[in-house]
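K.L.:
Construct the entire structure; sequences and hints are all you get.
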Amino acid sequence: MAVSARRGPYICGIDAAMDVVSGKWKSLILWELDHHGTRRFGELRRGLPGVSEKMLVQHLREMEEDGLVHREVYREVPPRVEYSLTDDGRSLNEALRPLGAWGTQRSARLAAP
Numbered sequence: 023m024a025v026s027a028r029r030g031p032y033i034c035g036i037d038a039a040m041d042v043v044s045g046k047w048k049s050l051i052l053w054e055l056d057h058h059g060t061r062r063f064g065e066l067r068r069g070l071p072g073v074s075e076k077m078l079v080q081h082l083r084e085m086e087e088d089g090l091v092h093r094e095v096y097r098e099v100p101p102r103v104e105y106s107l108t109d110d111g112r113s114l115n116e117a118l119r120p121l122g123a124w125g126t127q128r129s130a131r132l133a134a135p
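Counting in the working numbering, the final residue of the sequence shown is number 135, and the numbers go up one at a time with none missing.
There could be a bad hint or two in this list.
[To be verified] Keeping only pairs whose Cα atoms sit at most 20 Å apart, straight-line, the calculated EDC-like set for lysine to aspartate or glutamate is:
no., residue 1, residue 2
1, K46, E75
2, K76, D110
3, K48, E84
4, K48, E94
5, K48, E87
6, K46, E84
7, K76, E98
8, K46, E87
9, K48, E116
10, K48, E104
11, K48, E75
12, K48, D109
13, K46, E116
14, K48, E86
15, K48, D110
16, K48, D37
These are calculated hints, taken from the structure and not from any lab test. In this text, all values refer to a predicted model and were calculated from it rather than measured experimentally.
P.N.:
As structure tokens, this is what we get:
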């Protein structure tokens, strides 16, 4: 596993956690891999409408560097690459679950007349 460039100093645990999930697409990549399991690049891209190829590659590389995502390269023709969550990625997803519930409740409150 590569060593992450993000090392703080952090003010608190939330600061450290948000550093790892900063970026528009990272939390959605975590959700996609948690919800669907192992995914190929094209499957991830189709599951995240609006993400550019460049941004998806960048976020996946950062998440691999941070130990959240595992990238498996199969030596085939054509080459096949699959992404899955590591134990850290799964535990981060569990930590984000209450935040997702809060967001769902807030969206419902804002949509109510």
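K.L.:
Does the alpha-carbon distance linking K48 and D109 stay inside the 20 Å limit?
P.N.:
Judged against 20 Å, a Cα distance of about 16 Å means the pair holds.
K.L.:
Assess, step by step, whether the Cα of K48 is no farther than 20 Å from the Cα of E75, and give holds or violated.
P.N.:
With a Cα-Cα distance of about 14 Å, the restraint between K48 and E75 holds, given a limit of 20 Å.
K.L.:
Please work out if K46 and E75 have their alpha carbons no farther apart than 20 Å.
P.N.:
14 Å, holds
K.L.:
Below or equal to 20 Å on CA atoms is what counts here, so check K46 against E84.
P.N.:
13 Å, holds
K.L.:
Do the alpha carbons of K48 and D37 lie within 20 Å of each other, as the hint requires?
P.N.:
16 Å, holds
K.L.:
Starting from K46, check that the Cα of E116 is at most 20 Å away, please.
P.N.:
At roughly 19 Å apart (the allowed maximum being 20 Å), E116 and K46 satisfy the hint.
K.L.:
Taking 20 Å as the top limit, are the C-alpha atoms of K48 and E104 close enough?
P.N.:
OK: K48 and E104 at ~17 Å, within 20 Å.
K.L.:
Take the C-alpha atoms of K48 and E87, compute the straight-line distance between them, and say whether it is at most 20 Å.
P.N.:
Judged against 20 Å, a Cα distance of about 13 Å means the pair holds.
K.L.:
Given the hinted pair K76 and D110, is their Cα-Cα distance within 20 Å?
P.N.:
24 Å, violated
K.L.:
Is the hinted pair K48 and D110 satisfied, with a Cα-Cα distance of at most 20 Å?
P.N.:
Holds, because 14 Å separates the two Cα atoms, which is no more than 20 Å.
K.L.:
Decide if the proposed pair is consistent with the structure: K48 and E84, CA atoms, cutoff 20 Å inclusive.
P.N.:
With a Cα-Cα distance of about 9 Å, the restraint between K48 and E84 holds, given a limit of 20 Å.
K.L.:
Within a Cα-Cα threshold of 20 Å, do K76 and E98 meet the stated pairing?
P.N.:
24 Å, violated
When the structure is compared with the earlier hints, violations turn up for hints 2, 7 and for no others.
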